[in-house]
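Student: Using the sequences and the hints given, assemble the complete structure.
Residue strings, one per chain:
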Amino acid sequence: MKNAPLFFLGLLGAVTFSWAGLVLGSHAQLGKLGPYFDEAESLSFPQPVSGLAARGERVYADLGCAACHTQQVRRPGYGSDQERGWGDRQSVARDYIFRGRPLLGDARIGPDLANLAGRKAGAPKQEELLRFLYLGSKTHAPYRFLFESREIVGQRSIHALEFPDAMMTAPGHEIVPTERARTLAAYLLSLNQSHVYPEARPVPREEPATEAAPAAAEKAGKAEEKP
Amino acid sequence: MINAPTHASLAEVTAIDTRGRGPLLLLLVAAVAWLVLSGILALIASIQLHSPAFLAEYSWLTHGRTQALRETAFVYGWAANAGLAIGLWILARLGGSSLRALNWTIMGTLFWNLGVAAGLVGIATGDMTSFALLQLPRYVQPLLLVAYAAIAIPGVLAWSGRRMNRTYASQWYIIAALFLLPWLLIAVQSMLFWAPVRGTLQAVAAGWYAQGTWTLWLAPLALAGAYYVVPKVTGRVLPSYEFAPLAFWTLIVIGAWTGGRHLIGGPVPAWIATVAVVASVMVLFHHVVLWLNLRVVFSGTGNAIVFMRFGFVAYLASGVLAAFTAFRGIAAFAQFTFMTPALEMLGLYGAISMFFFGSIYFMMPRLTGQPWASGALVVGHRWLVMLGIAAGIVALVVAGWIQGAALLDPDLAIDAVLERVKPALLASTAAHLILLGANLLLFVNVLQSAWAGCRANLPAGTPFRQPATLEATAS
Amino acid sequence: MNNAPENRDPRIDQAAVTDESLLLAHEKFLGKQPDEKARYRLLPLNLLFVFSGLIFFGATYLGRYSGHFDPKVFDETAPRGAAAAAAAPVDPVAMGRTVYTTVCAACHQATGQGLPPAFPPLAGSEWVNGSEERVIRIVLHGLSGPIKVAGTDYNSVMPAAGPGSGFNLSPEKIAAVLTYVRQEWGNSAPPVSVEKVREVQGQVGSRGPWTAAELEPFAQ
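Same order as they appear, the protein sequences are chains A, B and C.
Residue 1405 is where the first sequence starts when you use the numbering used here, and the numbers rise one by one after that.
Residue 1267 is where the second sequence starts when you use the numbering used here, and the numbers rise one by one after that.
Residue 310 is where the third sequence starts when you use the numbering used here, and the numbers rise one by one after that.
Worth double-checking, as some hints may not be accurate.
[Stated by the list, open to error] Distance condition first, Cα-Cα at most 16 angstroms in a straight line; then the derived EDC-like pairs of lysine to aspartate or glutamate: (1) A:LYS1524 x A:GLU1487; (2) C:LYS457 x C:GLU525; (3) A:LYS1542 x B:GLU1685; (4) A:LYS1529 x A:GLU1566; (5) A:LYS1542 x B:ASP1681; (6) C:LYS337 x B:GLU1737; (7) C:LYS505 x C:GLU435; (8) C:LYS457 x C:GLU435; (9) C:LYS457 x C:ASP379; (10) A:LYS1436 x C:ASP379; (11) A:LYS1524 x A:GLU1566; (12) C:LYS505 x C:GLU481.
[As the list claims (entries may be wrong)] If the Cβ cut is set under 7 angstroms, some of the chain C residues that face chain A in the computed set are: (13) PRO380; (14) ASP384; (15) ALA387; (16) ALA403; (17) TYR409; (18) SER465.
Simulated from the structure, these hints should not be mistaken for laboratory data.
All residues carry an ideal CB built from backbone N, CA and C; glycine is no exception.
Tutor: In structure tokens, the structure reads:
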């Protein structure tokens, strides 16, 4: 090879090129993205994340929850994200500006959590979440190590879990979520993407789209008749 | 048939091989040990997918953590060590002189593997980063960077001190891999850990890095092995070799642009995914040229060639499938399903690791100066690993297909989706079991061969035949 | 011309050629002019076709689905300017509804029916649907004393809501809430513009609450 310096320059150029284009390019566009002030509500969105939730985000990250749960709702046409009630609009970059580490995830072995606390139907309460984490389900491992079983001395802890079945706990004991469990629950309950930013609205369609809409409705009607 | 070498450079095994024996065997043994550990972790992770309560009482083995541990042990344990061993050896051989400054490699290897081990402990105790292919805690990453540089020093010396000014495709690929990984790591570390970028930009940076480890680091190391072993064993000039530089530069220049592939439909600007689609298709030019160059692999015989052949087919298939599944229509269906791990397995196991296996089978007897310890273990590993990889990919593709279809139906609860996928996941666990068995065979064989090689100097009667001179005839 | 040795033994793969000749044999192909030998011509042409095809595809696809490289476009099929169109100014009615619920509804009620004998109704009120000059002044500075609305007498104090008052509503919000009450509950008066509110505010400056009699000149 006669031009070794050229070879190295080429290598460096190639990696810098893709880095500058992809990473720096998007950084230049979105690196200073700020919250959106909603005149109508006199509030800016997304709302800042509480300290407890910010710590819970690290628990979520270090337990590897992102291996099974995504945190991104896609627009209609990409799966059934919105029909499943995971969110009413697609997630946009602005939703994540206050997240220390956005955990978008790339597998949906469990449900999407992007809008867990903002779900119209079935947003869980803290107590339910903690109970689910403790008990697990057929498809979710129980995370007992996030809780401690303590002997009740005097009054019950205000954080102790209530179980429908008293047999779940040893007599004279209570199940108390550890601090990690409570920060995790606080994080999960801070996941709210219910505010609609201008850029999150569906793109206004041209005329043909409105013509296609009745056709699609007709199709859906036919599909309903089928079964 | 034993030929006494008449000229040093004409002999098949020379001082180049014996000098590098110790450090390279160290890298190899470490690599295969990590491969076995990663196999155990993969088995646990795979069982947890259909039986979530498996080992659930241990906080250091949640499914998320076993996945991260498996991936890290595989990429930074197995693939890194194996790739570096192969790379250094090929650089030394094509450079025509023994590796120098090997103490750096030994120290680097020790610290690299110490770093990976510390990283795995860190992941298990709660310091994982949750970025794919970059799960190692931030505090071991600088150590890995330094260790990597130390390992690579003899490679760079072998390149700059090569006896002939001529270069060959393998050398370009290895030098690119040695040179580019540190840059990738520094760039991504600064953007994710030291001065984190805002919001979803972190996902863009992490995606760029994850794609970079594949296209700028592991794939070049694997291809270097293929470019070296295939003509060496088949004794043929690679057809259309004049286009090999095109294949190289297409991969290097366009490859990393496909980093936004997994963010399609997500909370990043639409152009990032669109650029990824275009890049995934454009990089197919690399695959076309590669096909022209390496198709002689189908005419060869021998153990290494079988691995190379499998890896070659898997490499081409993974390129085509990556481009195919990048398109929005397909991604809408396949995204977030088991298709993703299926493609990862096709790429990292089916292509990269099979290329590595082929290179290791060719390299090991030359390092130790004697044949592999056991022919039965070689054949056993060969069949089991091919069976395991094929079964694993098929199981995951079927699982991904079922899952993708089930997720589209909003009335089907997420629990019911998993229920439908369960049989395919059980099959995938079986595949991981086969792979673990296969790699245990390799581990035993590597240990035995390395032990034998360390004890003996080159035996008097070498089992290597005298290689002929390659005639440059156009094919 | 396969000069490879037979590789029957899985324990060792015999090499067919030396490293040196490997380098030499392959180096010859690099840097060779494509037209040096006739037979090299066909292949570059084929590859050229493949390459240009890929470039053509890439450029077309990028042009079509790049979302114009706009950071706020998440739908690649969005027409140009869609982001700006989606970012249209807030709907005054929606904003007015929020302001009404937080500021006005306590007295005038969510239904706009008021609460006799203190708080007059807004639904069907001639004060609301009538002159905008008058109703803007009421919201800006408040109103005290007796007032007759829809034939019924009311007597109470309405606090000022304009800038500098306790509610400190901006002209934009006053315009929005007035627009809202003027088209809600069966009312159908034209919307109130922000400019008009600013104009009135500039004319009057700051002052205490109005009485119904003082507002008489602005009834038209």
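Student: A separate judgement is required for each hint: does it hold in the structure or not?
Tutor: Do the hints match the structure? See the list:
1. A:LYS1524 x A:GLU1487: This hinted pair holds, its Cα atoms lying about 12 angstroms apart.
2. C:LYS457 x C:GLU525: holds (12 angstroms)
3. A:LYS1542 x B:GLU1685: holds (9 angstroms)
4. A:LYS1529 x A:GLU1566: holds (13 angstroms)
5. A:LYS1542 x B:ASP1681: Distance ~8 angstroms between LYS1542 (chain A) and ASP1681 (chain B) Cα, so the pair holds.
6. C:LYS337 x B:GLU1737: holds (11 angstroms)
7. C:LYS505 x C:GLU435: violated (19 angstroms)
8. C:LYS457 x C:GLU435: Distance ~10 angstroms between LYS457 (chain C) and GLU435 (chain C) Cα, so the pair holds.
9. C:LYS457 x C:ASP379: violated (56 angstroms)
10. A:LYS1436 x C:ASP379: holds (15 angstroms)
11. A:LYS1524 x A:GLU1566: violated (25 angstroms)
12. C:LYS505 x C:GLU481: holds (10 angstroms)
13. PRO380: Holds - the Cβ of PRO380 (chain C) comes within 7 angstroms of chain A, reaching about 4 angstroms at its closest.
14. ASP384: holds (5 angstroms)
15. ALA387: holds (4 angstroms)
16. ALA403: holds (5 angstroms)
17. TYR409: violated (11 angstroms)
18. SER465: At 27 angstroms from the nearest chain A Cβ, SER465 (chain C) fails the 7 angstroms test, so the hint is violated.
In summary, the structure is inconsistent with hints 7, 9, 11, 17 and 18 from the numbered list given earlier, while agreeing with the others.
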